[in-house]
Amino acid sequence: MEKISKFIKTFLLLELLRGMSVTLRNMFSRNITVHFPEEKTPQSHRFRGLHAQRRYPNGEERCIGCKLCEAVCPALAINIEVAEREDGTRRTTRYDIDLTKCIFCGFCEEACPVDAIVETRIFEYHGENCGDLYYTKQMLLAVGDKHEVQIAKDRAADAKYR
Amino acid sequence: MINIEIDGKHIESESGSTIIQAAHSAGIAIPHFCYHKKLSIAANCRMCLVQVEKAPKPLPACATPVSEGMKVFTVSEQAVKAQKGVMEFLLINHPLDCPICDQGGECQLQDLAVGYGGVASRYAEAKRVVTHKDIGPLVSAEEMSRCINCTRCVRFGQEIAGVMELGQAFRGEHAEIMSFVSSTVDSELSGNMIDLCPVGALTSKPFRYSARAWELSRRRSISPHDSLGSNLAVQVKGNQVMRVLPVENEAINECWLSDRDRFSYTALNVPERLTKPMIKQGGKWQEVEWQTALEYISHGLRDIAKRGGAEQIGALATPNSTLEEMYLLQKLLRGLGSNNVDFRLRQSDFSADGKQAGAPWLGMAVADINQADRFLLVGSFLRKDHPLLASRIRQAVKRGAQANVLHSTDDDLLMAVANKSIVAPSAMVSVLAQILQALATEKKARLDGAVQALVQAGSPSAEAVAIAKNLAGGQHPAILLGNFAQQHPQAAQLQLLAQHIAALCNAKFGFMGEAANSLGGHLAQAVPFAGGKAGMNATAMLAAPRKAYLLLNVEAELDTHNPQQALAAMYAADMVVAMSAYKHFASDYADVMLPIAPFTETSGTFVNTEGRVQSFNGTVKPLGEARPAWKVLRVLGNMLNVEGFDHDSSEAVRDEALGGMDVSSKLNNTLGGTEVRGLGTEQAPAHHSAPGPQSSALSGLQRVADVPIYSSDAMVRRAPPLQATHDALPPSAAMHGDELAKLGLKPGDMVKASQGEGSVRLSVVLDNRLPRGVVRVAAGHALTAKMGAMFGTISVERA
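First to last, the sequence lines map onto chains A and B.
Take the first sequence: its position 57, counted from the start at 1, is 95 in my numbering, and no numbers get skipped.
Take the second sequence: its position 328, counted from the start at 1, is 408 in my numbering, and no numbers get skipped.
Extracted from the complex, chain A is given alone in its bound form:
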């Protein structure tokens, strides 16, 4: 009996039509492909992309060289050296993040007591040479200076959950 019904269905092309119906449905549904880079997906304010070092509004760098981010980093991507600055404050003389080691877990910004090291929304960056993704303190501060407005907005948006 079953054999007969299968035989008839073969001539009726039912499977084909069922498959085509999916195609037809999707032809009229909303397009979900994003045309990167012309279009971009929305990002959470918690997005963890490129790192940045922030400054206070008066231009003073936030980082106090406590080394908590270095200690917490599971990939050992952060390398810090600290010394006393002329004014007696504790400051980093070296703050390097090796982005090729970094796993973007965000522990560094969690650990930071002064919100100095943050992860920004930037994810479109590249290096052409070996070592280009080894970010030094100056590079990180430059990222921070450039995107401070966005960074501050993101911190503010997340503040109520902290």
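Don't take each hint at face value.
Unchecked claim - Distance condition first, Cα-Cα at most 25 Å in a straight line; then the derived BS3-like pairs of lysine-lysine: (1) 317/B / 139/A; (2) 175/A / 198/A; (3) 663/B / 701/B; (4) 663/B / 175/A.
For the record, the hints were derived by calculation from the structure and aren't laboratory data.
Start from chain A and add chain B according to the hints.
Leaving out everything else, chain B in the frame of chain A:
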């Protein structure tokens, strides 16, 4: 024994101990800040409050003695509530910025706040601010707002260091720790306050902000400076030594460390480090490969041995060199056929050589000092030469022992001294003989012929009688000869007399070794009389210049008894090989400089003054092309075709040097075959002379030379923070007021002090505690390196 119960655990505790001691011995932790096992009990932090059955209120565990049947609860609701309350009060005024504090990560307050602190502070008012203080180059008091007024540092000063340099001023909320008006903390043990401070108020200045506790790996080592052999934890980050901390060893350094041991690491990476072998060619220094340098040396040595005989080669090592280095050095020299090897560079009397039954040692275990009840300290700058031995003796004196001093200077020992005799160096032997005489009278003892004749020669001075009586009254007297006595031109006589005194009053008698390996040098046979026919000792080698010198760590003008003589010998030599970790004045007289590794970069062994053999490993890689000296000497031995230079580790060298030796059987201070000489002529000169008419020059004065604590070896001489201390001030000419009056000088004037062919300009210091007829001019400093012997006559004129 008293039976108590803590947290339901039955504990037997000694009568008189406190709850916290009982708990700690049973492994129960009670939070505390002000309590420290080595300090007195202050009970002012209140963190150790515990609940005791039948007590209406919580009691401080550190100050409550145990009593029979006591039931203590350390984690009960009442106890924890009390502890949390105390913590909240402590945190009211303590800054909550742990991330910028240098103590972060190793802070007791931080650790305990995790357990007992609140989530957030309820305190909204203004916090107390305490101004920062400058208390010297070693201890940073920049963050005194962090102080919780536990007074550990104050009690340490009073009880261990012997001098109260920090105190608590004002009351209540205004209480703060400070030094006396604008004075620094100058104690040679001050670094221990850093360890004691439970918060970040007192931190290490050289280490400040350079690393975190969790980044540092901790490697064991042994102090290369004084002869105590303090156990160190060298803390390393990457390939750099970041700081040095004590490792607790109750038998040696307890939990303390002298500043010299603690801060000398700062000299490890100074720019003066020698990092490449260098040869002087045509008057110019050139960096060369090791191979070239070693070939140059081996050719040179062979040549000199062929032309003038192997006796033309001499080797000098500092007593800070390791056992392995000294052993290979003497083996190399003896292999070449010369016995001219010595490490006793500052010694001047070698008449005891070969007559002593064994190697000179402390005569007791370091810990036995605690049991001694009478001390006779002969010729020792005790606090500066042996900071921690001094501290032990100070503790013994506090417990009722009595200290007697025979010396040429009367520096404050920061302990009660029962009797003292401060005489010119030349009179020391005579006074010691008088003490022996008085003691013999006291004990009604009959001495051997010569000694008996000697001590009957005159009548002892009142001071000598007092010292003898004091010694006779003790159960466990100890007679200790210090560096000054060992360097004294009549050292053997002093030793012999001390030996007789010790025999009479049944005392322990020994030497406080001069440096880390003063005893090890004897065991390594780095002395001219150790093997076969006797060679030349350190002084003889320099008095009759050799054609070639091998210098191991030696700075000829700073490490020797007579810098003038040493330098003359160096300039006269055909070849001088300076093995050193630093570029130093050898660049002027040496032909080859070989970079060798300081103690952190090599493995080795130090034998401390009680005969404890302590081996250590290197903690970091040698800087640049520096190499451990034992490897350098080993290769040199191979190149010179000397037999038996095929060790492949420093352990192998050590095992060969000690050869399964029972070290304790080799230690013996007994001096035989030497007679006490007549002493009639060696009375103190001008001891009671009244000030004469003023003149422009004074001659015939005796020099008293100490080696200041931060000039003792090449490493400390280059440690910047140590050189910034009060103890490292440039040498001066200190004299008694009467001598100053003769010259019409006042303190601060400049004088020209001349000795031999050299003279130096020094500022004058008034020290009425010095005996008359002496000038105290320190040795071991570049400023006085042009002068002559550490003992002897010196003339002073107005400059």
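To see whether the hints hold, each was checked on the structure:
no. : hint          : in the structure
1   : 317/B / 139/A : 21 Å, holds
2   : 175/A / 198/A : 29 Å, violated
3   : 663/B / 701/B : 19 Å, holds
4   : 663/B / 175/A : 36 Å, violated
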